[in-house]
Structure formats: C-alpha cells, structure tokens
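Enquirer: Protein chains in written order, with our numbering: chain A, 1 to 613; chain B, 614 to 911.
One thing to keep in mind: the hints can contain errors.
BS3-like cross-link-like pairs, simulated, lysine-lysine; straight-line CA separation at most 27 Å [as the list claims (entries may be wrong)]:
1. A:K400 to A:K423
2. A:K230 to A:K175
3. A:K43 to B:K881
4. B:K902 to A:K43
A partial selection of chain B residues facing chain A, derived with a Cβ cut-off under 7 Å [said to hold, decoys possible]:
5. L844
6. D846
7. S847
8. M868
If you are wondering where the hints come from, they were derived from the structure by calculation, not from laboratory data.
Owing to the predicted nature of the structure, the values given are computational and were not obtained by experimental measurement.
Even glycine gets a Cβ: it sits at the ideal position worked out from N, Cα and C.
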Amino acid sequence: MEMSFLSPAAFAFAAAIPVVIVFYLLKRKRVVRLVSSSLLWQKFLAETQASAPFQRLRHNWLLILQILMLALVVLALTRPFFSGDRKEGALYVAILDASASMQAIDVAPSRFEAAREEARDLVSSMKDRDQMIVLRAAANTHVLQSGTAEKSALRRAIDACEPSDSPTRLVEALKLARTLVQNRSFAEVHLFSDGAVDEIEGLQIADIPVVFHKIGERGDNLGVVQLDVKAHPDDPTRKAVFASVGNYSEQTRRAQLELRFNNRMLASRTLNVPGGTNAQEVFTVPQTEDGVFTVTLAAEDDLPVDNQASAVSLMPRPVKVLLATAGNRFLEKSLKSIPHIELNVVSSPVGDAAEYDVVVLDGVVPAVWPKANVLAINVARSGWFDAVGQVEYPAIVDVKATHALLRFVNFDTVDIAKSLQVKTPSWALPIVESQQTPLVLAGEFDRQSVVWVGFDTLESTWPLRIAYPIFMQNAVEWLNPALANAAELTVRSGEPFRLPLTEPVPGASVELPDGTTRELTLEEGAMEILFGDTARLGVYRMTAGTNSTPFCVNLLDSVESAIKPRETLEFGKYGTVAATGSKKANVEIWRWIAMAGLGVLLFEWWFYHRRTA
Amino acid sequence: MSSPLLTSDLLKRLEQFQLLARRRSKSSAKGERTSRARGQSVEFADHRNYTHGDDLRYLDWNLFGRLDRLFLKLYEEERELPMTVFLDASESMAFGTPRKFDFARQLAAAIGYVALCGFDRVSIRAFPDNEEESAIRSAMRSVRGRKSALRFFQNITRLTASGMADFNETLRRGALEARQVGAAIVLSDFLDPAGFEEGLNTLVGRGFQVSAIQILAPEELEPETYGDLRLIDSETGAQTEVTFGRYRLDIYQRMVANFCGKLGEFCKSRGVAFFTASSATDLEEVLLKQLRKAEIWR
C-alpha cells in the first residue's frame with residue numbers, strides 16, 4: 001500500500017524543527033547554584049553517562065522527543081493516506097439505497113445507518129478538489145446534494161437522508177448517475193446498497209465505474225409478499241383474504257399470522273414456513289361494511305417493515321348494465337346469470353347512460369356515445385380504428401390466456417363466420433387474434449374502458465360454448481368501475497395514489513398512517529387528486545369534499561423482503577459488479593498520527609518531570 | 614572551662630582519653646610516650662655494660678653483688694607524641710548545614726584537647742594559607758600543655774574557611790617541615806580535583822601515623838536541589854551542568870559511596886585510619902565512638 005499526502009505543502013511546517021532546537025537551547029538555561037565542590041557532580045555525570053547506552057543521546061532526550069513530536073504533527077498536517085493515485089479532482093456519485101430492505105437491523109443499528117457511515121467515510125477520504133454528488137434511491141431518485149467539494153455540505157446531505165418503506169428503483173438512479181459522470185476523466189459511482197433490487201436490465205454500464213458497497217450480513221427475514229381480498233364466489237357476505245408469506249432465511253421459521261378488519265382481530269394462525277419458500281394462507285371471513293383488512297406477521301426478524309400489509313375491501317354493489325341489442329337471447333341470458341347485476345335491455349340507448357356502470361352494445365351504434373365503460377360487440381366507433389374491413393372465417397391463432405378477461409375461457413372450439421378487419425390500435429391490447437385481424441381487444445380510450453369483440457357472436461359457435469357466459473362475466477367484472485376502484489385503493493409504497501373525482505372539490509387532505517394530516521392544494525377544476533407522498537406503509541385516508549376514502553400503501557415486494565445481501569449486481573446481460581470487500585476509499589491516517597504526537601507530548605512532559613522532580 | 618566549640622561536659626570526658634601511638638615516639642622532647650630512646654623513667658628497659666663516665670646512679674648494684682660485674686640499668690625514655698592536625702579551611706568547607714568547617718573545627722579542638730591533656734605537642738595546620746590569619750595560624754603551631762588549651766580553643770574559633778586548597782601540596786609540605794614525626798590527623802572533605810593520594814602517601818612515607826576523617830555535608834550526601842542546574846564550584850569556579858531529579862538520587866548515592874569507599878580502601882592499604890562523617894552527625898557520637906573505633910584514641 002502506497003502512502004500519499006493530501007496536503008504535502010504542510011511539510012513546510014518542518015521548518016519549525018530548527019525553531020524547537022533553538023527553543024531547546026534557550027530552555028536549557030539552568031538554575032545557577034554554588035556548590036562546595038563540583039567534584040562529586042562530575043563523578044556523578046561520569047557515572048550516569050557510563051551507565052547509559054547512548055552517551056550522546058542521553059543529553060538530548062527531551063530534544064529528540066520534541067523533534068519526534070513535531071515531526072508527527074507535521075506528518076499529520078500533510079494528511080497522509082493510503083492508496084489512490086490520481087492527480088486531478090475526481091467526481092464521485094454516491095447512491096444511497098433508501099429502500100425498505102435497508103431498514104433491516106442485521107447490522108446495528110441498521111443497514112441504512114451502516115451505508116451512511118460508509119458514505120461518510122468516502123466523504124472523509126475525498127481530496128480537496130474532489131467533488132461528490134449524493135443521490136437517494138428509493139421508489140424515486142432524489143438528488144440530495146449536487147456536485148460539491150464542500151465536505152460539510154455532503155455530510156449534511158447524508159445525515160439528512162432517511163430510509164423509506166418503498167422498493168428500490170436502481171435503474172433510475174444509475175441512469176442519472178451515468179449522465180452525471182459522462183465526460184469526466186475520473187468519475188466513480190459508489191452504490192451503497194444491500195443488492196435487494198430488481199434485476200437491473202437493459203442498462204449498459206460497462207462505461208461507468210460502479211463501486212458496489214455491500215451493506216448487510218444475513219437474510220433472516222419473514223415477510224408478507226402478497227395480499228388479495230376477493231369476494232367469496234358462493235356467499236356474497238363473505239370475503240376470501242389471500243395472503244402469501246415468504247421466508248427468506250435458510251431455516252424453517254414459525255410465525256403467527258393475524259388478520260384484522262378495521263383493527264378488529266378476526267383470526268390468527270400459526271405458520272411453519274420452510275426456509276426459502278412461500279406459505280399461502282386463505283382466510284374466509286364475513287364482511288358487513290366497507291373497511292380495511294390487515295394481515296400482521298408476528299415474527300422476530302431483521303426487517304420488521306414487511307411484516308404487515310393492508311387492503312381496502314368494499315361491500316359488493318350491484319352492477320348496473322345496459323344492454324342495447326336488436327335481440328340476442330344468448331347474450332341476455334349470459335348477462336342475467338351474473339350475480340349482483342341489474343340488467344336493462346333496450347333496442348337503442350337514449351342519452352349518455354351515465355347512471356350505468358357498463359353498457360353492452362351488441363351491434364348497435366348509439367346516437368350519443370355512452371359515458372360508462374363499454375363492451376362493444378361488432379361495433380366500430382369512429383376514431384377507434386384507422387380502417388375497418390371484413391374478413392371471412394378468421395382462424396384463431398393467438399389467445400392471451402393469462403389476461404383477466406380470458407380466465408377459464410377456452411377458444412379452442414370456437415369458429416367464426418365473419419369478422420370486422422382492423423389493425424390493432426395503440427390504445428388497446430389484442431386478447432384473441434386471427435392471422436388477419438384482432439378479434440378481441442381490451443384497452444382504454446378517452447378515459448373509458450373498452451372491451452371490443454370484432455364479430456357478431458350469433459355468427460359464430462361461441463354462444464354454444466361454456467366459455468361464452470364466463471367471458472361475459474369476466475368482461476363485466478373487468479369493466480366494473482367499482483372493482484377497478486377497489487384495486488386502485490391499494491398502491492405500492494413510493495407510487496402515487498390517484499383518486500378520480502366526479503366533480504371538482506375545493507380542497508382535500510390526507511391523514512397519514514402516523515396520524516398527521518396533510519392538506520393538499522388542488523388546481524381549479526381538477527377531476528383527479530394525485531397524492532405522491534406514499535413513502536410510509538400503512539392505511540391512509542383521503543378526504544376530498546364530503547367523501548372520505550381509505551387507501552393502503554403496501555410494500556408487498558418479494559425482492560425487498562429477500563434481504564440477504566448480494567455479492568454481485570447483475571447489470572443486464574453483460575455487466576456484473578461485485579461487492580468490494582475492501583473499501584476503495586482512501587484511508588486517511590492523520591488523526592492517528594496526531595494522536596501519536598499527543599502521546600509523545602505527554603510522554604515528554606512526564607519524562608521531563610521525572611528528571612527534574 | 615567552657616568554650617563555644619566544646620561543652621565542658623564533653624571536655625571532662627575527653628580528659629579521660631589518651632591518644633594511641635602505634636609506633637614509638639621519635640620526638641626529642643620529653644613527654645609521656647614511650648620511645649625508642651633510653652632515658653629516665655620508671656619503666657625498666659635493659660642492661661648494658663658499664664663504661665667510663667656513666668652515671669653511677671644507674672648501676673645495678675644487686676647484679677654487681679651476684680656477678681661481681683658492673684651493669685648499667687637502662688630505662689625507657691618517655692617522650693611526647695607530636696600531633697599534627699591538618700585542618701581543611703578551604704572555601705568548600707564553608708558549605709553545608711551545619712557547616713562542614715564548624716564540624717571539622719570541633720573535631721580538631723577535641724583532638725587537640727586530648728593531646729594537650731596527654732602532654733603531647735599539638736600543631737594545627739589549617740590550609741590553605743590565609744594572610745590575614747597568619748598570626749593565629751602560627752600561634753597554633755606547637756601548642757603544648759593543658760594550660761594552653763583556652764588559648765588554643767580561642768584561636769581555633771577565630772579560623773575562617775576561604776580560598777582554594779591544594780591538598781596534596783599542603784600535606785607534602787607539612788610532612789617535610791615536621792621536625793618530629795608523630796601522629797597526623799587530616800580533617801577534610803577530600804574533594805580536591807587533584808586528588809588526595811599523593812599527600813597521604815607523603816605523610817605515610819615520612820613515617821607519620823596518619824588518620825583521615827572525611828567530613829561531608831548532608832547536602833553532599835543527599836542533594837535536594839533538583840532540576841536543570843548549573844553548578845559552580847566554590848573553589849575553582851568551574852561550571853558543571855547537570856539535570857538532576859529524585860529518580861537519579863540512588864545513582865548519586867552509589868557514586869558517593871563508591872568515592873568514599875575508594876578513599877577508605879586507599880587509606881586502609883597504607884595503614885591510615887579512616888572514616889567518613891556527615892557534618893550533621895552528633896559530635897559526641899564521633900568523638901566517643903567513631904574515633905575510638907578508628908583507634909585514634911582510647
């Protein structure tokens with residue numbers, strides 16, 4: 001290891017050494033004393049000098065001590081450090097991972113604190129001309145401190161940084177870092193993280209020198225990674241609460257899973273989760289009012305923040321469906337069989353049908369386009385497609401079986417006589433496709449959810465199949481705005497919460513999980529409230545006008561819950577950054593030298609007094 | 614009879630002492646010491662043949678009656694023991710609490726008194742020479758008889774210590790100048806840079822019965838001035854720089870013991886009675902015990 005100096009100019013202070021010698025000579029002014037005879041003293045001197053191993057040095061011990069001390073002080077002033085061999089000022093980008101997993105307490109007091117400490121060490125090791133930028137990476141990337149060489153500002157920025165409950169989006173931070181370090185001859189990106197991040201794909205970082213400071217020791221954690229509340233298929237008064245608990249340690253862990261509804265304990269079950277696996281648990285509980293289901297994992301682990309998750313659950317409301325058809329018994333029957341449905345059948349809709357949740361247009365083009373979500377069968381609204389043609393006997397070649405619309409829906413035995421021929425527009429996703437045209441599309445057009453079926457169902461074998469009523473039920477469920485709202489009442493931490501408004505409100509406020517209230521300023525005439533400060537987990541309550549809407553912020557991120565620190569970070573296909581075991585940071589040692597100097601000073605003081613006491 | 618030097622009580626006790634002469638006196642003056650010379654005394658020594666002119670009073674008539682031959686009875690002549698006290702009155706003796714010189718003076722007075730009481734001749738040779746005190750000093754040469762004691766004490770009291778002594782030269786001159794060889798007592802601190810060996814050697818070589826008493830001040834045996842010191846020799850004016858602290862005291866004391874030990878060894882090898890006394894020692898202790906132990910008197 002090579003030693004260098006941050007302030008070699010301080011060697012000029014070595015000029016003080018001759019001054020000390022002069023002082024020393026002055027100091028040797030002695031107390032004059034008349035004695036009877038100096039004979040004994042001369043013999044004494046001869047004696048002491050004869051018994052000392054260093055005759056010459058003996059006289060100058062104090063001087064040597066002082067010169068040693070001064071040399072140490074001068075050495076300390078030159079601020080020597082080990083390693084690092086650059087001449088010009090460097091730019092460091094310190095990325096502090098402030099995600100939920102950094103709150104793990106496997107390194108005392110927490111991973112984030114350890115990361116902060118390492119970042120501070122990096123600041124301390126900076127040379128005078130070096131600059132640093134401090135980024136905080138959580139769900140969003142914040143620039144805590146723009147490029148500066150001022151260490152106090154950097155330390156302030158690092159100290160002010162707090163971990164969040166959100167997952168990490170490292171790509172954003174690294175992309176920002178890349179733009180910051182471009183065109184710098186020496187730049188380094190220091191990532192202080194535990195590596196509990198999504199795979200960083202598609203980011204070419206071969207050109208950025210990333211130093212990965214691995215924080216954390218072990219992965220002893222249990223976490224709630226999934227929570228879902230579904231209506232019970234048989235009993236509308238009951239709900240099925242589905243929770244998945246992941247064990248990210250290596251041993252089998254035992255934990256108590258508790259379910260609460262509006263803070264009322266409903267059930268508690270003991271789970272045995274083998275290491276590295278997930279355990280699913282389904283609670284079937286009655287629900288009589290709108291409220292919040294909360295599952296809590298009572299377990300001692302390194303990351304407490306992921307031991308709880310909440311979900312807003314609303315009572316089922318009847319779906320109001322307007323069917324406009326020239327006559328289709330299959331369709332009418334299918335819709336009628338859906339539970340909680342109020343079906344109204346007309347030949348042609350009048351007005352905008354705002355009171356309905358879903359409008360089904362079976363080959364009918366209304367004069368006034370309805371405001372509600374639309375299931376359009378064999379209808380092409382102007383503006384949806386560029387051009388509309390006809391195709392006969394389209395063969396189904398592709399089915400998106402994983403889409404919610406196609407749950408339990410099988411198109412294998414469906415034949416179609418003829419269909420509209422369109423090109424897949426940008427607003428929609430093809431669900432069922434033939435070679436020439438998409439047959440079923442799902443998407444959102446002009447703030448309206450649309451499921452489009454491009455053929456007359458009566459000119460196909462589809463209504464004869466069991467898949468037909470199931471698809472209709474799926475479509476109504478998918479288009480039902482209430483269910484969509486319920487899904488939107490749960491957001492992941494760090495993501496914004498949107499509340500659509502039916503009419504503008506003068507003001508809104510949000511009550512945070514810790515009980516504080518935040519007033520929101522709304523733009524005039526805004527039809528949507530956007531709340532972005534969702535860094536903390538828990539149940540929020542937004543009050544807009546007279547309505548009060550609860551919403552939940554959950555982590556529910558298996559990547560964050562898997563807190564075992566990673567040795568390497570994978571960057572796309574090519575780049576891999578290994579954790580640096582030894583810190584690349586320069587280690588300054590001037591404090592130690594100054595302490596040694598102080599020690600020598602004390603020793604010199606003691607030595608002098610021992611001689612003269 | 615009292616004096617500031619010695620208490621009358623002490624003097625009374627001193628009167629009982631008698632200086633020890635290990636050799637027969639060579640003095641020509643009559644005294645109380647047996648000598649090699651034959652003369653008038655009560656102590657029978659030998660017979661010799663009568664020759665013409667011998668004093669008939671000393672013929673051994675009993676022997677003449679038995680043997681019919683004339684023999685002369687010889688008696689031991691009793692002579693005095695000339696006592697020379699070499700008293701160091703140099704500047705260095707003026708130091709110490711109590712002053713070394715005072716102590717030495719008291720010793721000299723006591724020894725002188727014992728000698729005077731024994732009808733011995735006492736010479737105090739204070740060195741170095743001092744012009745102002747030349748009268749006193751010459752008056753202290755060849756003092757004899759108990760009646761001279763008062764004057765002797767007065768003179769000793771008036772001595773002062775000053776100047777730079779040449780120990781060796783003084784002893785050499787004293788040895789050569791002495792008309793009669795007798796006992797010599799050296800009272801000094803023996804802190805002469807030139808050493809002491811030559812002077813003592815000359816005294817011993819001349820036939821003196823030499824006793825040496827080294828007087829050191831308590832400060833010299835155990836210094837109490839610490840720190841960075843520039844020490845100035847009172848006699849030579851030589852400067853010595855020394856840094857001294859409590860922790861080096863044992864080194865110093867070892868050195869002093871070494872120095873005194875060497876001196877004692879030197880003296881022993883030449884038959885010189887020797888001991889070291891601190892000027893703070895009780896005078897009676899020295900006079901009544903140490904001097905007897907050193908066989909200076911009994």
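Enquirer: For every hint, state whether the structure bears it out.
Expert: Hint check:
1. Between K400 of chain A and K423 of chain A, the direct Cα distance comes to roughly 17 Å. Compliance with the 27 Å bound is thereby established for this hinted pair.
2. Our distance criterion of 27 Å between C-alpha atoms is broken by K230 of chain A and K175 of chain A, whose separation comes to about 39 Å.
3. In summary, the hint linking K43 of chain A to K881 of chain B is supported, as the alpha carbons are separated by about 22 Å, within the 27 Å threshold.
4. Our distance criterion of 27 Å between C-alpha atoms is broken by K902 of chain B and K43 of chain A, whose separation comes to about 31 Å.
5. This hint holds: L844 of chain B has a C-beta 5 Å from the nearest C-beta of chain A, less than the 7 Å allowed.
6. Contact between D846 of chain B and chain A, as hinted, is supported at the beta carbon level, the nearest pair being about 4 Å apart and thus within 7 Å.
7. For the restraint placing S847 of chain B at the interface with chain A, the shortest Cβ-Cβ distance is roughly 6 Å, inside the 7 Å limit, so the hint holds.
8. With 7 Å as the threshold, the beta carbon of M868 of chain B comes within range of chain A, its nearest partner Cβ sitting at about 5 Å, so the hint holds.
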